[in-house]
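All chains should be modelled from the sequences, with the hints used to inform the complete structure.
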Amino acid sequence: MEKLLIEYANEKNIILKLNEKDKFNSYPLLWACDGNIEMIKLLFEYANKNNILLKINEIEDKGIYPLLLAYANEDIELAKLLFDYANENNIILDLNKKDNFYGFFPLIFGCISKNTEMMKLLIKYADKNNIILDLNKKINYGFYPMFSVCFKGNIETMKLLIEYADKKNTLLELNDNNNGYEKFPLLETCYYNNIEMIKLLIGYANKKNIVLEMNRKDCYGISPLSISCYNNNIELVKLLMKYAHQNNIILNLNDKDNDGFYPILWACSKNNIEMIKLLIEYANNNNIVLNINEKNNEGYNAFHLSIYSKNINILKILIKYANNHNIVFEVNDKDNKDNILVQAVCFSKNPELMKLIIKYADKNNIVLEMNKIDGLGCSPLLIACFENTVKMIELLMS
0 MEKLLIEYAN EKNIILKLNE KDKFNSYPLL WACDGNIEMI KLLFEYANKN
50 NILLKINEIE DKGIYPLLLA YANEDIELAK LLFDYANENN IILDLNKKDN
100 FYGFFPLIFG CISKNTEMMK LLIKYADKNN IILDLNKKIN YGFYPMFSVC
150 FKGNIETMKL LIEYADKKNT LLELNDNNNG YEKFPLLETC YYNNIEMIKL
200 LIGYANKKNI VLEMNRKDCY GISPLSISCY NNNIELVKLL MKYAHQNNII
250 LNLNDKDNDG FYPILWACSK NNIEMIKLLI EYANNNNIVL NINEKNNEGY
300 NAFHLSIYSK NINILKILIK YANNHNIVFE VNDKDNKDNI LVQAVCFSKN
350 PELMKLIIKY ADKNNIVLEM NKIDGLGCSP LLIACFENTV KMIELLMS
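Number 283 in numbering that gives the first Met the number 0 belongs to position 284 of the sequence shown; there are no gaps in the numbering.
What the hints contain is simulated information worked out from the structure, not anything from laboratory work. Hints may be right or wrong, so weigh each one.
Unchecked claim - Below 27 Å or equal to it, Euclidean Cα-Cα: the simulated DSSO-like pairs (lysine-lysine) are:
| hint | residue 1 | residue 2 |
| --- | --- | --- |
| 1 | K206 | K241 |
| 2 | K237 | K319 |
| 3 | K167 | K269 |
| 4 | K294 | K315 |
| 5 | K96 | K79 |
| 6 | K151 | K269 |
| 7 | K151 | K54 |
| 8 | K61 | K206 |
| 9 | K97 | K137 |
| 10 | K241 | K269 |
| 11 | K354 | K309 |
| 12 | K206 | K137 |
| 13 | K113 | K167 |
| 14 | K255 | K127 |
| 15 | K151 | K167 |
Next up, the structure:
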């Protein structure tokens, strides 16, 4: 259709008004930028042939302009066409301009793009035209370039951003969490288990004498350490502990998230004995007493979760830690489903677990409540009979 209109205009010596806007202040080139490369080429060709200078920086009512669309759509061919046209016609593109709705700008889309060539192209054009990209500018949600890179997990783009910042003597923002989710770069990279990005982030922070926020939490109450324990990533936990030690930071091991979980509770839920040992070692080295009796929102503490995972070795470690720190487990406490530990042990079908619980209770002068029923009306003995565990029944009766 475009070709027919242009051919007709040429035939009748009509000069088409390529820069004319509609009532929303949009114009032909801007419409074409939403995925129609052939139309864009046709418009450029027609404009050149008729000595029309296209106003490629013009915005419509929402603040959208051609280059922003190219980056929003990750359309590298369109971006190249726009940069080439601008260079050929001595037009300086506005690279830092935000739209009026979300506050997006090309660099932010370059940071979240999977295609690092988009970022390279933007930097190349900026350098050629002596434009300084605003590396810490935020969109309306509060996201900024470094956070956006971490959000998408593109390590090559992070390297480009750091390299450009160094070249321009700009200090990248690393700790700002003034966004709707209170997230920040370190936490975001921990969310996605990206060890290499975290090492790069720490390396940059060290080089610039920036101290990363290690204990800060997002709106869900999650910190870098807690999400690393949730992700069952012991290498990452070691990395965070090493950084904290080097910067005289004491990690908050007892801080809960919004679901009531804390690092060692996550480690117990993941059945990760090495993680538990690591957290206990860190706590001992830093004179921290772990609140292993603290329950999450479901009423489970570390003792509960070690039994539910049927891991007698974890239970032994927790009991040893409790004894060393004068902590007495509340073995008769109910969870939110009215279950007590003895009932959970009966469900485990593991007599060795029951022996350990009985031994612990006797040592601490605790009388196990053997007749207490759960939310379904089941007592420990009834559960043991249902599970057909003779040794468990013998232990209960003895």
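Against the structure, the hints:
This hinted pair checks out: K206 and K241 have alpha carbons roughly 16 Å apart, not beyond 27 Å. Only pairs whose Cα atoms come within 27 Å are accepted, and K237 paired with K319 is accepted, the gap being roughly 23 Å. Of the pairs offered as hints, the one joining K167 and K269 is violated, with about 45 Å between alpha carbons and a cut-off of 27 Å exceeded. Annotation: proposed proximity of K294 to K315 holds, straight-line Cα distance about 19 Å (limit 27 Å).
This hinted pair checks out: K96 and K79 have alpha carbons roughly 18 Å apart, not beyond 27 Å. In summary, the hint linking K151 to K269 is supported, as the alpha carbons are separated by about 26 Å, within the 27 Å threshold. Restraint check for K151 and K54: not satisfied, since their Cα atoms lie roughly 33 Å apart, outside the 27 Å limit. At roughly 40 Å between alpha-carbon atoms, K61 and K206 are farther apart than 27 Å, so this suggested pair is violated.
For the proposed pair K97 and K137, the alpha carbon gap of about 9 Å is at most 27 Å, so the pair holds. For the given pair, K241 sits about 22 Å from K269 by alpha-carbon distance, which is consistent with the 27 Å threshold. Of the supplied pair hints, the one linking K354 and K309 holds, its CA atoms being roughly 13 Å apart against a limit of 27 Å. Note on K206 and K137: the hinted pairing holds, with a Cα-Cα distance of about 24 Å set against a maximum of 27 Å.
For the given pair, K113 sits about 24 Å from K167 by alpha-carbon distance, which is consistent with the 27 Å threshold. Of the supplied pair hints, the one linking K255 and K127 is violated, its CA atoms being roughly 50 Å apart against a limit of 27 Å. For the hint pairing K151 with K167, the CA-to-CA distance comes to about 24 Å; that is within 27 Å, so the pair holds.
Violated hints, in rising order: 3, 7, 8, 14; the structure is consistent with all others.
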